[in-house]
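Asks: The lines below spell out each chain.
2 protein chains.
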Amino acid sequence: MERLFSKQKYIDRRKTLISKISGGIILLPGNQRSPVNYKSNVYRFRQDSNFLYFFGLDSEGLAGVIDVDSGEEIVFGPVFTIDDLIWTGPLEKIEDRAEKVAVTKTMPDNSLKDYLQKALMRNRKIHYLPPYRGEKTILLSELLDKTVTDIENGFSPDLIHAVCSLRIIKDDDEVKEIETTLDNVTRQQHIMAMNNCRPGIKESLIAGMVEGFGLQQDCMLAFPVICSVHGEILHNESHENTLKNGQLMILDMGNESPMHYATDITRTTPVSGKFTQVQAEIYNLVLAMMDSSLRLMKPGISYAYIHQKASETLAEGLIDIGLMKGDPEEVVASGAHALFFPHGLGHLMGLDVHDMEDLGEDNIGYDDEHKRSTQFGTAFLRFGRKLEKGIILTVEPGIYFIPTLIDLWKSEKKYESFINYNALHNYMNFGGIRVEDDVLITSTGNRILGKPIPKTIVEVEETYKF
Amino acid sequence: MERLFSKQKYIDRRKTLISKISGGIILLPGNQRSPVNYKSNVYRFRQDSNFLYFFGLDSEGLAGVIDVDSGEEIVFGPVFTIDDLIWTGPLEKIEDRAEKVAVTKTMPDNSLKDYLQKALMRNRKIHYLPPYRGEKTILLSELLDKTVTDIENGFSPDLIHAVCSLRIIKDDDEVKEIETTLDNVTRQQHIMAMNNCRPGIKESLIAGMVEGFGLQQDCMLAFPVICSVHGEILHNESHENTLKNGQLMILDMGNESPMHYATDITRTTPVSGKFTQVQAEIYNLVLAMMDSSLRLMKPGISYAYIHQKASETLAEGLIDIGLMKGDPEEVVASGAHALFFPHGLGHLMGLDVHDMEDLGEDNIGYDDEHKRSTQFGTAFLRFGRKLEKGIILTVEPGIYFIPTLIDLWKSEKKYESFINYNALHNYMNFGGIRVEDDVLITSTGNRILGKPIPKTIVEVEETYKF
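Chains as they are written, first to last, in our numbering: chain A, 1 to 466; chain B, 1 to 466.
Calculated directly from the structure, the hints in this document are not laboratory data.
All the pointers check out, no bait thrown in.
Straight line, CA to CA, 30 Å or less: simulated DSS-like cross-link-like pairs of lysine-lysine:
#1 K118/A with K20/A
#2 K244/A with K93/B
#3 K100/A with K202/B
#4 K451/A with K298/A
#5 K176/B with K298/B
#6 K39/A with K9/B
#7 K410/B with K93/A
#8 K146/A with K39/B
Bear in mind that the values here come from a model prediction, so they are computed numbers and not experimental data.
When you get a sec, could you build the whole thing from the sequences and use the hints?
Replies: If you want it as structure tokens, here you go:
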């Protein structure tokens, strides 16, 4: 069924977790099925990442419990009936599966409430993480006999910080898991998209083709495919447009590895196969933002600083082109550049594509030393803390021309001393460009994960086939 | 954005609904997004079918309200911010969208609680349907200020029966919607699967190929693809096996039309391209079960009776082959045939692949005249009532050899007077066969929907390409 790391890794992870919590019981419920249009018609199952990290088992209805004081570890799981046998086939016993992640005690799922209630009666603290699915919130409310509101507010900040301190640093096995999927699936999908990009087809043809290629290898998406000739709409999930000569197709997609680690890559391809001069100028500026970032990323430097430096590279380039004016550092300090780059430079990546976002972006991405900016654009940076060896981040600079935002700011005369609104006239149909790689922080610097995927103008144009 | 029927259809549907409810307020909340591994990473959006049926609009966070006494109809929807503009693009105003389904009054979603609380203070009854997603249950609990348990138990049986009486009968537009998707997508996918079926590949290759083909046309699955050489595992959702000569590949899949009506077709292909004599014998018996069903299906006949007659055809055939013995009617009355056919002959199909299963299978599929059987196998029949013109059902007979079930019954000496356990020895690796079509009940009989999809042994073997 599931693919697992070595037993020792799960033993070590749980041992370290215990060492970081002062006492009580850690409750890590796995995920249930997510209904589509009635209870038994469900979306593809996705296990909870925190449960996966500490208990590895990849099926619904499980819960992992760790008694911090006694060290006892239990997996609670469903007991199967004859009907299960007919509908879902012979299933491995929970005790045999738990043994693979070095948990020797298992109990039926219907005894979990009793176990927890007894612990509560002895005034033991129960640590759980913030639930992000309605089914999980309701389950916790039943198990702990609390209202939904109490459950939503009652998660354990201690557990959040302990889990984050482990999950944020990736070991070699985790890096390998991500790189294998990058090379075997995600890289192929982006090359396939460049091969098949051409005028006259719909975005859905490319989006479906790349998702289908992943599915043929039983590899699910890490997030909904963004495939759009309107790249200026950042989370554009519709695939209705027909590709036209002169447009740019942004493809932002990633997969889940067999153990559910994410990949996340973006490339931009000209629909005609050739970048126009205007497009090439902006495209190379996006690559310059990426290069300036990669030159600086290493342990000890904050990602907020890297974001700032990439923004200054952007401002410098746009001043050269004539779309902005003034001093690049002043531009970025003012926030004017966010008209063209209204999102963060990147985010943590791991078992989630935005790693640990369920634990709260500010808990994960910021700390006492690094507070989230309140400035439009930079406020969307999901991770601002110091880089450490073993962190994996996306680096995804982009430049967008968002007509409604340009019109709005222009009408408000916003940042008139930095933005040449008149020069923007010719860019209203430009769309957007984004290029994204997945980057590991090493002891001395960083490394782009996976084999190279066509990225320079020459490489993209050569991969285009039509 | 969404594809809609004529305004008049939504007017008529709501008018009929009002006429069937004696008073109070009907609350039909649409669906929210379903989180995968954190709140903002979501599965592909699927609108609630009941909301779609009466209000048509296909995006998240909406709610339809009908005041049965005053006749007032309101769509509650989100108010957009500048951030929405950047992340999801320019969005059509809710008042303009509501107008397309002939609703003239709209209100912001954050005023829905106030509206409902005022109604409750005036002792108005609020009718809602059973929620099937955790997020919806929590939303209703907040809106109506009730506990989760009260919400789960407080749905309106009157509304269930009123909605069912409308949705169960499909008009020509709905039939056309389903047939177009059958012809353009589902039929092509089954032919593609037969073309590509061959030894040495994994089930996931076929499953991913057909799902990808649908996605290329922006057409989502109606339910998770079943693609398996272990057809005897009825809801086998894993695609891990490698296809081997001598095995049978069951492909059970369907799509959602642009307006979210389902299709649901099953075919069985021999991996080698040729049915063995043993396989052909069983395959033709499955087709005989389908034929005997289609000969009988017409208004006034109960589907429980059709299921019984198909089971008798099965028993007759298995007696001829030597796997069963005795009188076919007695076999079926005893329930012994369910060893080979442990599921129902079919189910309603419409906006849901198991139409209206969220409203409760017994509410929809059974009535005072037709009670659900408690016998193993037949108990799984989802619809037992009398057929009416305009009902769409799947007809999906199957024959399976489930080793663990055979061993269990044999050890219990179950139905020894009807089952030749010794003769089953050679069938333990057989797997299973299922063939399924979508059938409309007409005024005089029935009609298989869509263009023919290869079904006879000759047709399937001719479609195989390897």
